[in-house]
Every structure is written in C-alpha cells, then in structure tokens.
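A.B. asks: One-letter residues, chain by chain:
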Amino acid sequence: MIGVNKLEWMYEQMVTARHYEERLREEYLEGKQPAFDISAGPIPGELHLAAGHEASAAGVCAHLRDEDTVTAPHRPHHVAIAKGVDLKRMTAEIFGRKTGLSKGKGGHMHLFDPDVNFACSGIIAQGVPPAVGAALSAQKRNEDSVAVAFLGEGAIDQGGFFESLNLASVHDLPVVFVVEDNEWAISMPKERVTDVENGAERAEGHHMPGERVDYDDAVAVYDAAEEAVMRARDGNGPTLLELQVHRRMGHFMGDPEGYRPDVDAELAHEHDSIERLEARMRDYDVDESELESIRERAEARVEEAIEWAKEQPEPDPEEAYEDVFSNPASGAVEGGER
Amino acid sequence: MADSERELTMSRAMVDAIAHEMRENEEVFYMGEDVADYGGIFDSTQGLLEEFGRDRIMDVPISETGFIGAGVGAAMEGMRPIVELMFADFFGVAMDQIYNNMAKNTYMSGGSVEVPMVLTTAVGGTYNDAAQHSQTLYGTFAHLPGMKVVVPSTAYDAKGLMHNAVRDDDPVVYMFHKRLMGLAWMPAPAGPKTAVPDEDYVIPFGEADVKREGADVTVVTLGLHVHRALDAAETLADEGVDVEVVDLRTLVPLDEETVLESVRKTGRLVVVDEDYRSFGVTGEITALAAENALDDLAAVERVAMPDVPIPYARPLEEEVNPDADAIVDAVRAVAE
Numbered sequence: 001m002i003g004v005n006k007l008e009w010m011y012e013q014m015v016t017a018r019h020y021e022e023r024l025r026e027e028y029l030e031g032k033q034p035a036f037d038i039s040a041g042p043i044p045g046e047l048h049l050a051a052g053h054e055a056s057a058a059g060v061c062a063h064l065r066d067e068d069t070v071t072a073p074h075r076p077h078h079v080a081i082a083k084g085v086d087l088k089r090m091t092a093e094i095f096g097r098k099t100g101l102s103k104g105k106g107g108h109m110h111l112f113d114p115d116v117n118f119a120c121s122g123i124i125a126q127g128v129p130p131a132v133g134a135a136l137s138a139q140k141r142n143e144d145s146v147a148v149a150f151l152g153e154g155a156i157d158q159g160g161f162f163e164s165l166n167l168a169s170v171h172d173l174p175v176v177f178v179v180e181d182n183e184w185a186i187s188m189p190k191e192r193v194t195d196v197e198n199g200a201e202r203a204e205g206h207h208m209p210g211e212r213v214d215y216d217d218a219v220a221v222y223d224a225a226e227e228a229v230m231r232a233r234d235g236n237g238p239t240l241l242e243l244q245v246h247r248r249m250g251h252f253m254g255d256p257e258g259y260r261p262d263v264d265a266e267l268a269h270e271h272d273s274i275e276r277l278e279a280r281m282r283d284y285d286v287d288e289s290e291l292e293s294i295r296e297r298a299e300a301r302v303e304e305a306i307e308w309a310k311e312q313p314e315p316d317p318e319e320a321y322e323d324v325f326s327n328p329a330s331g332a333v334e335g336g337e338r
Numbered sequence: 001m002a003d004s005e006r007e008l009t010m011s012r013a014m015v016d017a018i019a020h021e022m023r024e025n026e027e028v029f030y031m032g033e034d035v036a037d038y039g040g041i042f043d044s045t046q047g048l049l050e051e052f053g054r055d056r057i058m059d060v061p062i063s064e065t066g067f068i069g070a071g072v073g074a075a076m077e078g079m080r081p082i083v084e085l086m087f088a089d090f091f092g093v094a095m096d097q098i099y100n101n102m103a104k105n106t107y108m109s110g111g112s113v114e115v116p117m118v119l120t121t122a123v124g125g126t127y128n129d130a131a132q133h134s135q136t137l138y139g140t141f142a143h144l145p146g147m148k149v150v151v152p153s154t155a156y157d158a159k160g161l162m163h164n165a166v167r168d169d170d171p172v173v174y175m176f177h178k179r180l181m182g183l184a185w186m187p188a189p190a191g192p193k194t195a196v197p198d199e200d201y202v203i204p205f206g207e208a209d210v211k212r213e214g215a216d217v218t219v220v221t222l223g224l225h226v227h228r229a230l231d232a233a234e235t236l237a238d239e240g241v242d243v244e245v246v247d248l249r250t251l252v253p254l255d256e257e258t259v260l261e262s263v264r265k266t267g268r269l270v271v272v273d274e275d276y277r278s279f280g281v282t283g284e285i286t287a288l289a290a291e292n293a294l295d296d297l298a299a300v301e302r303v304a305m306p307d308v309p310i311p312y313a314r315p316l317e318e319e320v321n322p323d324a325d326a327i328v329d330a331v332r333a334v335a336e
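Protein chains in written order, with this note's numbering: chain A, 1 to 338; chain B, 1 to 336.
Treat the hints with caution; some may be incorrect.
[To be verified] Taking lysine to any residue and the SDA-like style, the derived pairs with C-alpha atoms no more than 25 Å apart in a straight line are:
| id | chain 1 | residue 1 | chain 2 | residue 2 |
| --- | --- | --- | --- | --- |
| 1 | A | Lys-190 | B | Thr-65 |
| 2 | A | Lys-310 | B | Asp-307 |
| 3 | A | Lys-98 | B | Asp-216 |
| 4 | A | Lys-32 | B | Lys-104 |
| 5 | B | Lys-104 | A | Asn-142 |
| 6 | A | Lys-32 | B | Ala-190 |
| 7 | A | Lys-6 | A | Lys-310 |
| 8 | A | Lys-310 | A | Glu-30 |
| 9 | B | Lys-193 | A | Arg-282 |
[Said to hold, decoys possible] Simulated restraints, written as ranges between beta carbons of each label pair:
| id | chain 1 | residue 1 | chain 2 | residue 2 | range |
| --- | --- | --- | --- | --- | --- |
| 10 | B | Glu-27 | A | Pro-328 | 50 to 60 Å |
| 11 | B | Pro-187 | A | Val-263 | 28 to 38 Å |
| 12 | B | Asp-55 | A | Pro-317 | 42 to 52 Å |
| 13 | B | Thr-235 | A | Asn-166 | 31 to 41 Å |
| 14 | A | Arg-192 | B | Glu-51 | 47 to 57 Å |
| 15 | A | Lys-140 | B | His-143 | 50 to 60 Å |
Honestly, the hints are just simulated from the structure, not real lab data. We treat Cβ as the ideally placed atom computed from N, Cα and C, and that holds for glycine.
Given these sequences and hints, build the entire structure.
C.D. replies: As structure tokens, then:
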C-alpha cells in the first residue's frame, strides 16, 4: 500500500513537470506568433513537450535511486525531472546556454546528467540498448542498481527495441522497459502501424513479465513499477511495462495536428493524471492547502530555473570545437585509466 | 501567367513530379513515416493521400530496417517504390538495407537484378535541431558504391530530378534540404522557388548546372549552399571578383567535365559543402581538380562543416555551418 509521502512526492514531480512544459511552451512561442518560424524566439530548435505524460515518470522514478540509470527519448523533460536532473542546468541547456548540462551543445533531445545517471537520445528507440548496457554493467559488477528505458509506443516497432528485449531476457538483466503509450507516433495512430493494441504483449515472446497500466493512473503505475524494479533489483530479470498517457501539446510545438480528430485531443485533456492523483490524495485526507503548497513550491522552482537559465550567457562560438573527444591528444595514453 | 511560368516551392515541385509518375505508372507507390495524413513532416507528400489513397501513400511503422528493406524487395519485384527516410540522420537504424542490399544487389547479382527504388530523405541544419537531426551526410551516401545520389537546390531541378529518379532502373537517394522546401514554419531563402513547367521533364543525372557564370573563381557546391554561394558571388561582384557557381545537382554520377571545365577557365577553386570536412565532397572535388587540372590550378580552398557533431545553441551552429561570409572569405583567399 502506497504511503502518503510517496503520493506527495509523485504529485510534486507531476505538477513540476506540467508547469515546466506549460512555461516552456510560452517561452518557446515567443516571437513565433502569429507566424510560426522555428528559428525565432528564445528557445532554439524543435521542442517536444510531455504534458500528459507525467504519471509515467513519477510512478516509475519513485522507486529509483541516483545510481540507477534512466534513458529517455526525444520527449524527456518529465522523466528528467522525476529522476532528479538538475533543473536549472537542464533549463539552461534547453535555452542553449553555456552553463547548460551540455554547455549548449546537446539541446532538449540530448540531455545528459551523469550525477543522476540520466541520458537521452533523439532517435526512436535508440536509448533502449544503452539502458540494457547499464543493466549489464550492474550485473557484471554485482551491484543492485537497475536501469530503466523510457520509450514511446511508436518505438516498440523498432528493431533496437526487440533486440534489447531479447538481450535483456537472455541474460536476466536488471532493466525495466517503460513504454509510454500516447497513441500517436507523430501523426500515425497506433492502430495503423502497430500490430498489438497492448504493447506489453511484446513481453510474452521474450519470456519476461509484461503489464499494461491504463488511465494515466500514477498510483497504478507506482504499483506496477514497484514490482518490476524489485524484480530487477533482486536479480530476477527484465520487465516490460506499457503505460497509457496522453499527448496534450502535439508532437512538437508548431504541430498543427490536422490529422487528429478533435474528440481525441479533447479526451487527452479529460484524462488528467494530475486530477486523478489529487482525487486519490483526498482519499488519504491530504487537504487542499497541502496540495496548494506543493503546487506553489513546484511552480516557484520552475520559475526560478527559467529565470536563471535566461540570465545565463550563450556559449562562445569557438566552444563548438571542444568536447568531440574527452582525450583530444593523439597517440598513446600514458598512465591512462585502467 | 501561363502555366509554364508558375512558380513553385521546392516541395510543391517535388510532389508535382511524384504525382505525375504515380498517375502514369500504377507500380509507383510512396511509403514512409507521416507521409499520409501529415503529408510529410517537410511537405514531401502534401496532398498525395487525397489523390492516391492509403494503398499508394502508405504510413509505415517506425521500423526503418523493415520498410526500407521492404522497398528494396518490392523494387526487386519490379515495382517502383519511393521510400522516405524522415531525416538522413536516421539512416543509422537501417543502413544495412541501404548500403548492403539496395546499393549492392545489382552488382552482386552480376547485373541480373534491378532495384528501381527512390529513397527520399530530408537533410541539413540551420534551425538548431542539433547533432542527430541536422546532418546532410552527402559524403556518406556518395562514398558507398551502388546508389545514385541526387541533391536538388531549386524547384525546377527538384522536379526534373525526381522524374528521372523514379524512371531510373537503379536505386536513387534523393536528398532534399529542409531549408529549401518552402515550409511555412521554416522560411526558405529567395532562390529555390522557381518557375516550374506543368508538363513532365527529366534532368539527367551527372549534369551539373552552372548557376552563375564567372571568369575569376570557381565555386563548386550543392544544396542550400548553392544559394549561399550565389549570395557570396553578389558581394564579390561589387569588389570586382567574378565568381562562377557550379551546382553539382548529383554526386553520383558526378559531372567531372563541368567542374574541370570551370576550373581550367578560372584556375581558382573553392569547394563548399554543408557536410563534414574530412573524407567528403570537398576533398573529392579538390582531388578531381588536382588529378586532372593541376597545371591550371593556382589556388584551392575548402569551406565545410568542421569535423564536430552539429551543436545545438545558435552561436555554435552558426559557427560551424558555413555562411555566405565564409564563402566570401575563401574566394578572396584564392583570388589574391
């Protein structure tokens, strides 16, 4: 039975992530209205926001420690927040600033925070094999850390995903595959491109447990993830979870979503994981003032991070040539790491 | 305005050719991610679903190895698939189908097998999409034998090259630059939107186009940088330097004659590429000139993406992606 402190922790991650995405949307659209020009405004590049995905990250990361590894796809902010990635430096990275996590080189799809073992990749499903590798390291070193790979439902048709399931299964690796099913691979509905309605069924062919959690339900995610993470930590191998989430802000900012029926977009707003969790917390006699104070704290933290990020300097152009290699000197490594 | 004088964006011209080929030949079909209802993330299939339906404008799962390989198989059966790889950067998940099957099956079969497939793909940066979504990778595809590689820089060329690509019996990689397509959300420079005839026409592969004639310096380039080179040429004209701009249009086959003719005339060569500097287009064109026109060659400069993954922040991407000023500087250096 989940404790009230865990509910509050999840709630705080979720309202932080929601407010973060809402604020980033505002910042991103600055200079892009009425005519949308991807090169205008304070935030460079594409922006894939995760509003409506919050329950997944919070419910899973509630069971993780700093040393556990998490990989995320191109829609990573909510996962990064729940994993404890430095919010200020992450925000500075998204704004393309020198003090960002990657000195402005990576951007919003390529966030790396080694302090909490978080990484992401902008290529579909390609964050999954490295999570298997992190799990392999834990197994080889006889450590009880685990790895979690987050991916979208569109990614479960990708070869790298299938190969990772098999590899993890054959070696009983401590990894949890977390599929966030928002039903849309950009403009392609799941039913058009994927042969299973329930992605967790893909577990069966790889001899691992698979479970689907519906309704953006953070508590149900928490319960499912608890079992999966414990199974991994105890050395009993991988699990595949598919979690229903909803896409509230389009595939990327500027996505006209002309392909999406209005009723579907409306449904995404009706299924609000945050409201659902609030109702659950009221059952636990958490009062409104407590919810309010969590929200205020979360919003203040987001505002502080955005304000800080915008004050940071841009990188100097010549920094573009640094960091291609960690050891740029040529030749043999004398007395190098062993 | 007569139909033949209508101006089209590059994406409309490309779609125009595809639609024509699909009307003419039922064996032509198009598959890729988000090509049906969305019309292609970069407008490469706008409006085609309405005319041709889902059987011929196919959305496919995010399974590049599967659907690009399926394109190879359908082409070997004699169909004429056009298969879209959303970003050239994504080739990594499916390269085996591209370079070991699509490109080699004709040769490995001793010529008994044809692979009449077109692989369309979006390339290029300038909009801060960072290291995994901004590459051109021209040199990578052109390096590997067995695929024809096409890079249009204008609407007129985009249409003629697409007609030729679909009709060609060999695999063709058709690389369209995002910044040139004329997207509402990513404004193109002035050059790529051109007059495009209504009727079909082909631009044969292996014919470079001299986009501007000049006597003093040859600039050889392709894609977006054709337009940056033309801008640079305008600036340099004011200084009395007469620049010739050669648009390669196809890398495989390569029009060596047009390049060499220009180099023999000017004696000064600048090669401009949005791909990485080392082991790529700039080195290849420079070697071509050195091997065949060394006596005429007074000076050479290369302008290219330095050998770093493409960074995200604006000042960093602007630093690495060569602009018109970088071309001006290089031309001045060889003109001295």
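A.B. asks: Cβ-Cβ distance between B/Pro-187 and A/Val-263: within 28 to 38 Å?
C.D. replies: Holds, since B/Pro-187 and A/Val-263 (Cβ atoms, about 34 Å apart) stay within the stated range.
A.B. asks: Does B/Thr-65 sit within 25 Å of A/Lys-190, going by the straight-line distance between their CA atoms?
C.D. replies: Measuring from Cα to Cα gives roughly 19 Å; hence the hint holds.
A.B. asks: CA of A/Lys-32 to CA of B/Ala-190, is that 25 Å or under?
C.D. replies: Holds, at about 21 Å.
A.B. asks: Taking the Cβ atom of A/Lys-140 and the Cβ atom of B/His-143, is their distance within the range 50 to 60 Å?
C.D. replies: Given about 37 Å between the Cβ atoms, the range is violated.
A.B. asks: Do the alpha carbons of A/Lys-32 and B/Lys-104 lie within 25 Å of each other, as the hint requires?
C.D. replies: Violated, at roughly 46 Å.
A.B. asks: Indicate whether the distance between the beta carbons of B/Thr-235 and A/Asn-166 respects the range 31 to 41 Å.
C.D. replies: 57 Å, violated
A.B. asks: Next pair to validate is A/Lys-6 with A/Lys-310; report whether the Cα-Cα distance is within 25 Å.
C.D. replies: 32 Å, violated
A.B. asks: Need the status of pair A/Lys-98, B/Asp-216: alpha-carbon distance at most 25 Å?
C.D. replies: Violated. A/Lys-98 to B/Asp-216 sits at ~42 Å, over the 25 Å cutoff.
A.B. asks: For B/Lys-193 and A/Arg-282, compute the direct alpha-carbon distance and say whether it is at most 25 Å.
C.D. replies: 60 Å, violated
A.B. asks: Does A/Lys-310 pair with B/Asp-307 here, judged by a C-alpha cut-off of 25 Å?
C.D. replies: 30 Å, violated
A.B. asks: So does A/Arg-192 sit 47 to 57 Å from B/Glu-51, Cβ to Cβ?
C.D. replies: 19 Å Cβ-Cβ, so the 47 to 57 Å window is violated.
A.B. asks: Per the hint of 42 to 52 Å, is the separation of the Cβ atoms of B/Asp-55 and A/Pro-317 within bounds?
C.D. replies: 50 Å, holds
The structure is inconsistent with the numbered hints 2, 3, 4, 5, 7, 9, 13, 14 and 15, although it conforms to all the rest.
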